[in-house]
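Enquirer: Here is what each chain is made of, one letter per residue.
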Amino acid sequence: MDIFLQQLINGLVLGSVYALVALGYTMVYGILELINFAHGEITMIGAMVALAVIGALTLAAPGAPGVLLLGAGLAVAIPVCVALGLVIERVAYRPLRHAPRLAPLITAIGVSIVLQNVAMMIWGKQYIPFPGILPQGRHEILGATVSDVQVAILVLAVIIMLMLILVVQKTRLGRAMRATAQSRQVASLMGVDVNRVIAATFAIGSALAAVAGVMVSAYYGLAHYYMGFLLGLKAFSAAVLGGIGNLGGAMLGGLLLGLIESFGAGYIGDLTGGFLGSNYQDVFAFFVLIAVLVFRPSGLLGARGAERA
Amino acid sequence: MTGRRLAWMMVAAGLVAGCGDKTAQTGGKQAVLIGQASPLTGPQAHLGKDNENGVRLALDEINAAGLTLGGKKVVLELKSEDDAADPKTATTVAQKLVDEGVAGVVGHLNSGATIPASKIYSDNGIPQISPSATAVAYTSAGYKTAFRVMTNDAQQGSVLGAYAVKTLGARKIAIIDDRTAYGQGLADEVEKAVKAAGGEVVAREYTTDRSTDFMAILTSIKGKAPDLVFFGGMDPQGAPMIKQMHQLGMTAKFLGGDGVQTPAFIALAGPDAEGALASNPGLPLDAMPGGSAFKAKFEAKYGKIQNYSPYAYDAVHVLVDAMKRADSSDPAIYLAELPKTDYQGVTGRIRFDAKGDLAGGAVTLYQVKNGHWQTLETVRSGK
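Same order as they appear, the protein sequences are chains A and B.
Each residue of the first sequence is one higher than the one before, starting from 181 at the first, in this note's numbering.
Each residue of the second sequence is one higher than the one before, starting from 2 at the first, in this note's numbering.
Honestly, I wouldn't trust all of these hints.
Stated by the list, open to error - Heads up, simulated DSS-like pairs for lysine-lysine below, C-alpha to C-alpha not over 27 Å straight-line:
1. A:K305 / B:K356
2. B:K97 / B:K325
3. B:K120 / B:K97
4. B:K120 / B:K356
5. B:K50 / A:K305
6. B:K89 / A:K305
7. B:K80 / B:K305
8. B:K298 / B:K225
9. B:K305 / B:K120
Unchecked claim - Each pair of labels, with its calculated beta carbon distance range:
10. A:R355 / B:A226: 54 to 62 Å
11. B:T181 / A:T452: 21 to 29 Å
12. B:G170 / A:M300: 37 to 45 Å
13. B:K196 / A:L282: 52 to 60 Å
14. A:T238 / B:A297: 35 to 43 Å
15. B:H373 / A:G235: 18 to 26 Å
16. A:H319 / B:H373: 58 to 66 Å
In case anyone wonders, no lab produced these hints; they're calculated from the structure.
Here the structure is a predicted model, which means the values were calculated and not measured.
Every residue, glycine too, gets a C-beta built ideally from N, C-alpha and C.
Using the sequences and the accompanying hints, generate a full structural model.
Expert: Structural data, given as structure tokens:
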């Protein structure tokens with residue numbers, strides 16, 4: 181039971197990070213029908229910038245409380261990522277908005293490679309340690325162990341997702357986003373500044389990515405110029421699993437993928453009597469993805485052509 | 002007709018030129034070329050240069066002392082090539098060294114470069130001694146020209162497995178590897194040695210060399226209550242792994258191989274690194290029989306020792322030692338003497354087993370104490 185509970189916690193924490201990143205994919209797809217492959221790299225840039233800020237601050241003000249340092253890191257990383265997201269949209273996607281759909285997909289992959297290499301040039305090829313500034317407290321719950329960082333990630337992710345839902349459902353911007361998602365032409369005829377809405381979507385997605393990047397590096401204790409690639413791929417899969425273009429779908433997909441990976445890796449060896457080991461954990465996750473897509477091609481919550489954004 | 006005669010003449014001229022290279026006369030002395038191949042450019046250039054300097058130091062000393070083979074005074078000359086740590090470049094460079102007529106090669110640095118190059122040296126009958134390649138595959142191909150003066154991964158794995166059970170007293174052991182040739186190879190050897198020493202492998206889990214999340218497999222391992230977790234892989238995975246072990250409240254010891262025994266491991270794991278155990282093939286410099294003398298000589302000329310230069314230095318001496326016993330620098334003749342090597346070098350006594358591996362290769366165990374790797378002890382691999 182304690183192992184089951186522990187795997188549940190592991191999966192929820194992993195899944196909430198996937199969900200945050202998946203939201204960025206799904207929002208952009210909902211509005212532009214574009215898969216922004218550079219999104220994973222934005223999480224990496226977020227982590228790297230925050231680490232650089234935290235590193236500089238620990239030198240400048242030794243002994244400052246860790247939470248404050250982390251806040252400062254986030255306070256710089258979020259605007260940097262938002263700016264980066266806006267520049268990418270302006271430079272790589274907007275000029276191609278009326279081009280065939282394959283063209284922006286290719287620029288997206290190009291941007292992703294450029295960002296990886298720029299990060300490698302700035303921060304080097306080595307893994308960068310996340311300084312041990314955060315409280316290392318652990319709590320025992322029914323035999324399972326939860327750390328402060330895990331609790332913080334879960335709580336923060338839930339708050340951010342609730343805020344996002346509020347923004348999309350209750351604000352003028354949210355209404356404009358939903359309208360743009362349904363039909364760009366009609367929305368612009370109704371007086372919605374489509375370019376601004378799209379820019380706002382990229383900005384919000386990038387801010388979420390920055391937070392997710394900082395979470396991942398704080399959780400695992402390191403950052404690396406390549407870290408965005410795999411995270412982006414997993415989050416994209418989560419978005420597809422939940423139904424790409426659907427906000428609730430991205431959250432559900434992210435959590436599900438995290439849980440599947442966690443339980444898959446934890447139990448696959450014992451369930452198959454050692455025939456399949458934990459080296460099949462990714463295979464297991466993608467097998468579930470394929471199975472879902474076979475029966476529900478538009479994902480778990482993806483209703484064809486219905487409400488997106 | 003004339004065309005054919007011309008062709009024959011060219012072949013003959015080529016042969017003469019080829020022989021000329023091998024036995025170039027320099028002031029009444031015969032020059033013998035010794036090849037050295039390692040990455041001299043790229044991220045591992047400092048290690049490659051270190052090997053080159055080790056070879057150069059040995060050659061200079063032997064020349065200064067004077068060497069006579071077959072009644073003739075001999076001068077050793079260095080032919081150093083850059084293999085860029087790349088398997089493809091390594092074969093090109095190996096062919097180049099063979100074409101230049103080297104009598105023997107010290108190299109390469111990386112297993113990945115050493116293995117493909119070894120076929121070329123073998124095809125041409127040129128003895129090769131790697132100072133640093135640890136992959137088992139290098140000597141298991143059965144080439145008679147392939148030797149190493151470094152402990153191989155199988156020797157390291159068997160020492161680690163036995164050490165975990167006998168010295169650390171672990172009864173139940175969990176093994177994780179990163180599915181790379183290195184990580185898996187090491188983990189397999191550890192598993193064998195653990196079982197041979199009477200320990201029980203309670204879990205065998207896998208990850209990749211890109212992963213940072215091990216919570217799921219560690220949770221599963223925790224349920225089996227091992228005394229020790231062995232990880233076959235590198236520091237970018239090892240560091241988050243030990244962190245997550247502590248996060249899960251696991252008290253099992255953490256043991257790794259040379260991929261983990263790095264300064265980066267401590268930097269990445271921070272305070273969680275404390276108490277971690279790991280090994281490295283070979284001896285620390287201060288434990289080598291000739292370590293301090295070598296250090297003084299080397300650092301006076303070339304600056305700080307990086308890693309493998311003592312082994313490169315010994316490799317040259319092993320080649321020359323065989324030449325002396327055969328009284329010839331002809332690879333075809335002195336190759337037969339190499340397996341009989343029994344040489345007391347800087348790094349210790351060097352003898353080869355039937356495969357060309359270093360007999361009784363040393364493995365040194367380290368533990369993180371106060372944020373530094375501290376030497377625990379050096380163990381010689383059995384048999």
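Enquirer: Hint by hint, note whether the structure agrees.
Expert: Each hint, compared with the structure:
Note on A:K305 and B:K356: the hinted pairing is violated, with a Cα-Cα distance of about 37 Å set against a maximum of 27 Å. The straight-line distance between the Cα atoms of B:K97 and B:K325 is roughly 26 Å, inside the 27 Å bound, and the hint therefore holds. Proposed proximity of B:K120 and B:K97 is supported: the alpha carbons are some 14 Å apart, at most 27 Å. The suggested pairing of B:K120 with B:K356 holds, with an alpha-carbon distance near 15 Å, which does not exceed 27 Å.
With a CA separation close to 21 Å, the supplied pair B:K50 and A:K305 stays within the 27 Å bound. Restraint check: the Cα-Cα separation between B:K89 and A:K305 comes to about 23 Å, which is no more than 27 Å; the hinted pair holds. For the suggested pair B:K80 and B:K305, the alpha carbons sit about 23 Å apart, so the restraint of at most 27 Å is met. This hinted pair does not check out: B:K298 and B:K225 have alpha carbons roughly 52 Å apart, beyond 27 Å.
Of the pairs offered as hints, the one joining B:K305 and B:K120 is violated, with about 33 Å between alpha carbons and a cut-off of 27 Å exceeded. In this structure the supplied range 54 to 62 Å holds for A:R355 paired with B:A226, their Cβ-Cβ distance being about 56 Å. At about 23 Å, the CB distance of B:T181 to A:T452 agrees with the hint of 21 to 29 Å. Remark: the range hint 37 to 45 Å for B:G170 to A:M300 is upheld by a beta-carbon distance near 44 Å.
Range check, B:K196 to A:L282: Cβ separation about 55 Å, and the 52 to 60 Å hint holds. A hinted range of 35 to 43 Å holds for the C-beta pair A:T238 and B:A297, which are about 39 Å apart. A hinted range of 18 to 26 Å holds for the C-beta pair B:H373 and A:G235, which are about 22 Å apart. A hinted range of 58 to 66 Å for the beta carbons of A:H319 and B:H373 is inconsistent with their spacing of about 32 Å.
Going down the numbered hints, you'll see the structure goes against 1, 8, 9 and 16, while the others check out.
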